[in-house]
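Visitor: These are the residues of each chain, in order.
There are 2 protein chains.
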Amino acid sequence: QENAKIIDGKATAAAIRAELKAEVEAHVQSSGGPPPGLAVVLVGDRRDSATYVRMKKKACDEIGVSSFGFDFPEDVTQDTLLACVGELNSRPDVHGILVQLPLPKHIDEQSVLQAITPSKDVDGLHPANVAALCTGRTRAPGQAASWQLKDLDFHVPCTPQGCIELLDRYGVEISGKRAVVLGRSNIVGIPVSMLLMHRDATVTMTHSKTVDIASVVREADIVVCAAGRAEMVKADWIKPGAAVIDVGINSVDDATTKKGYRLVGDVDFKAAKEVAAKITPVPGGVGPMTIAMLLRNTVNGATRAAAAAAVAAAGGG
Amino acid sequence: QENAKIIDGKATAAAIRAELKAEVEAHVQSSGGPPPGLAVVLVGDRRDSATYVRMKKKACDEIGVSSFGFDFPEDVTQDTLLACVGELNSRPDVHGILVQLPLPKHIDEQSVLQAITPSKDVDGLHPANVAALCTGRTRAPGQAASWQLKDLDFHVPCTPQGCIELLDRYGVEISGKRAVVLGRSNIVGIPVSMLLMHRDATVTMTHSKTVDIASVVREADIVVCAAGRAEMVKADWIKPGAAVIDVGINSVDDATTKKGYRLVGDVDFKAAKEVAAKITPVPGGVGPMTIAMLLRNTVNGATRAAAAAAVAAAGGG
Ligand SMILES: NC(=O)C1=CN([C@@H]2O[C@H](COP(=O)(O)OP(=O)(O)OC[C@H]3O[C@@H](n4cnc5c(N)ncnc54)[C@H](OP(=O)(O)O)[C@@H]3O)[C@@H](O)[C@H]2O)C=CC1
Ligand SMILES: NC(=O)C1=CN([C@@H]2O[C@H](COP(=O)(O)OP(=O)(O)OC[C@H]3O[C@@H](n4cnc5c(N)ncnc54)[C@H](OP(=O)(O)O)[C@@H]3O)[C@@H](O)[C@H]2O)C=CC1
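Residue numbers (the working numbering), protein chains in the order written: chain W, 2 to 318; chain F, 2 to 318.
Just so you know, the hints here were simulated from the structure itself, not pulled from any lab data.
Model, not experiment: these values are computed from the prediction.
Be careful, since some hints might not be right.
Copies of the same chain look alike in the list, so a pair counts if it fits in one copy or across any two.
Stated by the list, open to error - Each computed DSS-like pair below joins lysine-lysine, with the alpha-carbon atoms no more than 27 angstroms apart:
hint, residue 1, residue 2
1, 210, 151
2, 240, 210
3, 271, 240
4, 22, 151
5, 274, 235
6, 240, 58
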């Protein structure tokens with residue numbers, strides 16, 4: 002993979018799932034406990050949310066992680082949801098709790114997310130996990146720039162984690178490089194900026210108020226695009242030899258397709274791939290990595306819980 | 002002040018203290034409650050820590066904020082400290098709790114800081130406050146880039162807040178500008194990067210692993226230096242017309258002074274002031290602002306507590 006130009010997220014995600022499957026088997030054998038378990042809470046009947054939940058459960062099955070579905074009607078009360086989360090927090094066979102967003106308007110999303118115990122917050126959105134990522138915890142002495150995502154002791158949001166994993170597996174050096182991130186959302190832009198910074202890149206955070214963004218992007222050895230704007234990043238924005246990670250998923254009208262639309266990224270892929278040294282396609286780039294990282298977080302949660310239980314059993318904790 | 006070249010932190014801090022003094026008087030009158038109160042916890046007998054604590058208490062006195070000192074010997078147990086914090090958390094006359102750092106090695110600093118209830122965490126180091134700063138909370142709809150530090154509903158660390166306040170009071174536009182921050186510590190570099198980004202600057206975070214930092218700094222309309230390296234930023238690193246905020250406090254040997262040393266910033270001030278449009282001196286720049294912002298956080302804590310109490314009394318909370 003290190004020499005390939007096109008960063009194949011689909012193949013990389015499959016490889017990671019295979020690694021995780023082996024890890025799960027080893028974990029079940031050594032711990033003697035239940036397999037890692039992911040609880041997925043779904044409210045209402047949005048079709049897109051139902052699809053995502055189905056994909057997540059299927060991925061769990063594939064690698065031997067138990068998945069537990071908790072489906073609620075659109076008009077569920079906040080108290081009922083909080084009670085569900087509270088119960089999942091204390092279930093020893095549940096190591097990850099995922100509340101599929103968005104929630105209906107009458108529910109306070111933040112309250113529900115904050116009710117999840119941080120060690121089971123596999124989306125990495127609990128304030129305790131956000132704070133861990135936005136302070137120096139990844140740069141603890143001895144870890145420096147050599148830390149591995151899988152060794153962190155808190156949950157990092159899945160999509161940003163997938164971006165770094167792709168750079169790592171395709172041999173893109175991060176330390177000392179200039180990285181430019183387009184977008185500053187809580188789920189992609191900010192956390193991926195933090196991860197790149199913790200890996201010792203010099204990171205520039207850009208957004209819709211950035212002036213002359215093309216010339217800012219041109220400074221970058223690594224570009225991460227998460228603006229949600231179809232093909233806004235042109236080939237001449239890319240510094241020759243840069244690595245380009247395209248997080249965007251945008252649908253554009255296309256009468257030549259059966260569905261009448263097709264999905265494109267934030268980057269003009271066809272032209273940009275002639276300039277970049279490495280680039281992710283859309284679809285098949287970052288997209289498949291997100292679920293793989295969700296599985297990783299769940300498996301990490303299970304192994305950390307088992308380690309903590311072993312310490313407690315030995316009277317050490 | 003808007004047209005001045007030298008950003009006078011001492012005068013600005015004095016002006017802010019005068020504003021806060023009036024605010025405190027109004028608060029006491031309207032709430033009928035006790036004045037805002039700051040509890041300062043000091044462990045051991047480090048001379049520098051004792052000096053800082055004394056300065057903070059004096060500043061409280063000056064504006065009518067009550068200060069409560071809690072001094073413990075070097076060998077205090079963690080449990081005793083936690084019990085003290087727990088009691089302060091529930092005291093209605095205490096609105097800010099400051100634990101002077103560093104703590105002795107046998108105490109787990111993070112545990113003590115996390116024990117402070119977030120609404121009284123006037124240093125802004127509790128994970129709940131860190132997470133609030135590192136997510137979009139300052140960019141809530143309707144606030145956009147026009148938010149004022151004094152209106153935020155969580156505590157922002159004092160020194161970064163002081164940096165923004167100086168830019169604001171000296172008429173430096175932030176939105177749409179390029180900002181470069183030197184240093185990525187939890188108390189200065191990261192939070193000031195977040196504040197600049199929330200104010201719609203395009204922010205580049207740099208650190209000791211940044212390659213060719215001079216040319217990165219040269220891109221900046223606003224430079225914030227918090228690397229702790231005496232006069233490392235040279236005049237030719239500064240883009241003509243840039244605003245320069247120097248957070249660094251470094252002591253360098255100087256046989257011509259009585260003490261044998263003098264304090265300098267991270268910037269070669271004498272030369273840089275010929276290039277910059279606005280620049281803070283050291284001392285007398287950011288330094289005095291830090292305590293002023295601590296007072297601001299304490300007063301904010303008191304007015305928010307009074308507002309919450311009023312809502313509760315009206316049966317609304
Ligand atoms: N592959 C995957 O698994 C995932 C893909 N995505 C995709 O990634 C994209 C981003 O998602 P998300 O972060 O949730 O989106 P948000 O809408 O929450 O954030 C978009 C960000 O992009 C910025 N932005 C908008 N327009 C521009 C512009 N013209 N130039 C520069 N910046 C701009 C916005 O700036 P401002 O803050 O100023 O408004 C904002 O910070 C979407 O296409 C989404 O579908 C998201 C999550 C997972
Ligand atoms: N005015 C005031 O009230 C305050 C002043 N200060 C002063 O501000 C300065 C910074 O304080 P603090 O943030 O606590 O310091 P830290 O030592 O915690 O952090 C210093 C940061 O600067 C970076 N750095 C070090 N050398 C260089 C270099 N050559 N080029 C670029 N970056 C570099 C480090 O990078 P890396 O992460 O790679 O090691 C690190 O991120 C100090 O001088 C301190 O005295 C601090 C607080 C309050």
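Visitor: Next step is simple, just say for each hint if it's right about the structure.
Guide: Hint-by-hint comparison with the structure:
1. 210 <-> 151: between (34 angstroms within a copy, 23 angstroms between copies)
2. 240 <-> 210: both (22 angstroms within a copy, 21 angstroms between copies)
3. 271 <-> 240: Answer is within: at 15 angstroms inside a copy they meet the 27 angstroms cutoff, but 37 angstroms across does not.
4. 22 <-> 151: Close inside one copy (15 angstroms), not across copies (51 angstroms); limit 27 angstroms.
5. 274 <-> 235: Intra 10 angstroms, inter 39 angstroms, cutoff 27 angstroms: intra-copy only.
6. 240 <-> 58: Neither: 40 angstroms inside a copy, 54 angstroms across copies.
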